[in-house]
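**Q** Here is how the chains run, residue by residue.
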Amino acid sequence: MEFEATRHCPRWRLRTWARRSGALSCALAVAGCSGVQSALDPAGDDALRIYGLTVIMTVGATLIFFAVTGLLIYAIFAPPERRAWLGGRNTIVLGGLAFPIIVLSMLLPYGLIVMRDTDVPKAGALPIEVIGEQYWWRVRYLGEGGRPAFSTANEIVVPVGSPIALSVTAADVIHSFWIPNFGGKIDMIPGRLNRLNFTAERPGIYRGVCAEFCGDQHARMAFDVVALEPAAFEAWRENQAKPAPEPDLSLLVRGRELFRAGGCGSCHVVRGTEADGRFGPDLTHVGSRRTIGAGQFPNNIGTLAGWIANTQHIKPGVRMPSYGSFTGEDLRALAGYLESLK
Amino acid sequence: MTALRTGQVLLMLAGLIAWALQFTLVYGATSTLCGREWANATLLGLGIVQASILIATLAALAGTGAAFAWSLWEYRWTEARQTSPADRFMIQTGVLINGFSLIVILWQGIPAFILPACA
Numbered sequence: 001m002e003f004e005a006t007r008h009c010p011r012w013r014l015r016t017w018a019r020r021s022g023a024l025s026c027a028l029a030v031a032g033c034s035g036v037q038s039a040l041d042p043a044g045d046d047a048l049r050i051y052g053l054t055v056i057m058t059v060g061a062t063l064i065f066f067a068v069t070g071l072l073i074y075a076i077f078a079p080p081e082r083r084a085w086l087g088g089r090n091t092i093v094l095g096g097l098a099f100p101i102i103v104l105s106m107l108l109p110y111g112l113i114v115m116r117d118t119d120v121p122k123a124g125a126l127p128i129e130v131i132g133e134q135y136w137w138r139v140r141y142l143g144e145g146g147r148p149a150f151s152t153a154n155e156i157v158v159p160v161g162s163p164i165a166l167s168v169t170a171a172d173v174i175h176s177f178w179i180p181n182f183g184g185k186i187d188m189i190p191g192r193l194n195r196l197n198f199t200a201e202r203p204g205i206y207r208g209v210c211a212e213f214c215g216d217q218h219a220r221m222a223f224d225v226v227a228l229e230p231a232a233f234e235a236w237r238e239n240q241a242k243p244a245p246e247p248d249l250s251l252l253v254r255g256r257e258l259f260r261a262g263g264c265g266s267c268h269v270v271r272g273t274e275a276d277g278r279f280g281p282d283l284t285h286v287g288s289r290r291t292i293g294a295g296q297f298p299n300n301i302g303t304l305a306g307w308i309a310n311t312q313h314i315k316p317g318v319r320m321p322s323y324g325s326f327t328g329e330d331l332r333a334l335a336g337y338l339e340s341l342k
Numbered sequence: 343m344t345a346l347r348t349g350q351v352l353l354m355l356a357g358l359i360a361w362a363l364q365f366t367l368v369y370g371a372t373s374t375l376c377g378r379e380w381a382n383a384t385l386l387g388l389g390i391v392q393a394s395i396l397i398a399t400l401a402a403l404a405g406t407g408a409a410f411a412w413s414l415w416e417y418r419w420t421e422a423r424q425t426s427p428a429d430r431f432m433i434q435t436g437v438l439i440n441g442f443s444l445i446v447i448l449w450q451g452i453p454a455f456i457l458p459a460c461a
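Note that the protein sequences, when read in sequence, are chains A and B.
Per our numbering, residue 1 is the first one in the first sequence, and the count goes up by one each step.
Per our numbering, residue 343 is the first one in the second sequence, and the count goes up by one each step.
It is worth saying that the hints were derived from the structure and are not from the lab.
Please read these numbers as outputs of a predicted model, since none were measured by experiment.
Do not take every clue at face value.
To be verified - Just some of the chain A residues that point at chain B, by a computed CB distance under 7 Å:
id : residue
1  : I101
2  : L108
3  : L112
4  : R116
As the list claims (entries may be wrong) - Far from chain A, some chain B residues (derived; all Cβ distances over 12 Å):
id : residue
5  : T348
6  : Q350
7  : V351
8  : I359
9  : L363
10 : S373
11 : W380
12 : A383
13 : L385
14 : L386
15 : G389
16 : L396
17 : G407
18 : Y417
19 : D429
C-beta: ideal position from N, C-alpha, C; glycine also.
Full structure from sequences and hints, please.
**A** Written as structure tokens, this is what we have:
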């Protein structure tokens, strides 16, 4: 009885609400601290340095905020004779002038040193070029003499423990390249090469995004970063440099014929076939990618078929038109062929 | 405005004027020198961009330091004698502005010696 009566008391309700909202906030905060797209879960040294700077500044700013708020409340509510020292010359000079000057004078060089060390290219770094296009990412791996060895799209595969030297630019409008788990965000500007260096310290799959509004599908312009162990990366790179595999089933042969007859090769390249278009993503090994549509859907026959037939419905404004005239059987063959390009 | 008042206003704002000049010189020199690909040229044993920024910063600090010393001297002088509230306000403000300007000029020069010149 007593317990039931207590439950209706406003103080009990307030306490319960505070407990529940506190638990919810903690759960959300913890959930936000990890994951494939979080600046609070650094996966490399450079990101860790930036994270350290963020923590120091956030904690410092929070402490200063609460101290100033406390003093403000004290100044309002304390008796005049007790709060008089707040208006004294020493308080103003020490708290209002000396303290902010000392804090900012320490933070400025510290922040600059962190950013400088993050920007330094490492010797022997693996060069990768990334070009932002509306609304996808062209990724080029360079071979001997800095020439492109092969291209891929919407997926950057890197070896764990090796420094990566990214050169980024844009083909049409300004984009911004950002992998939160690896720190720095950098603008992609047409006609200009910007550079970003990072090292993945642990294997995993991370998510990058376009961080500069670039058009109506800006929010659907993401990519995967796959950090592999060095041996697995070498195997991946070797496979990607090869031409497309020959289809070994009649359905896939038909899919390849539909790809050719449908004119897909005027925009897309599939190395080892006559398809040599450079306008759209390189599809030589499209089946090996995790996602399609710049990180929008898992890559499988169903989503590939849906994408081909309804591109403008799924992602309105992209350069690829919808090819809704294919029959269901043709779509299965075409999507099956693309999915087989591992 | 009398000549005396003009001088007081200039003294009060000397730090801000020096800061603005330093700002213009630092950004102008960096953009021009980096744009013309002179990043590797040297002057006085330093990279030309750093040397330009150092000269601009030292000049601004020297000018502002002199203005600060003068404001401080005037401030002590006003404490000893009777002056109008307007004069007192301008002199006190001059001490603060010129003092703060010394710090911001220093802050503006520091990055040149930590970050690469034409990154």
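**Q** Which hint numbers does the structure go against, in order from smallest to largest?
**A** none
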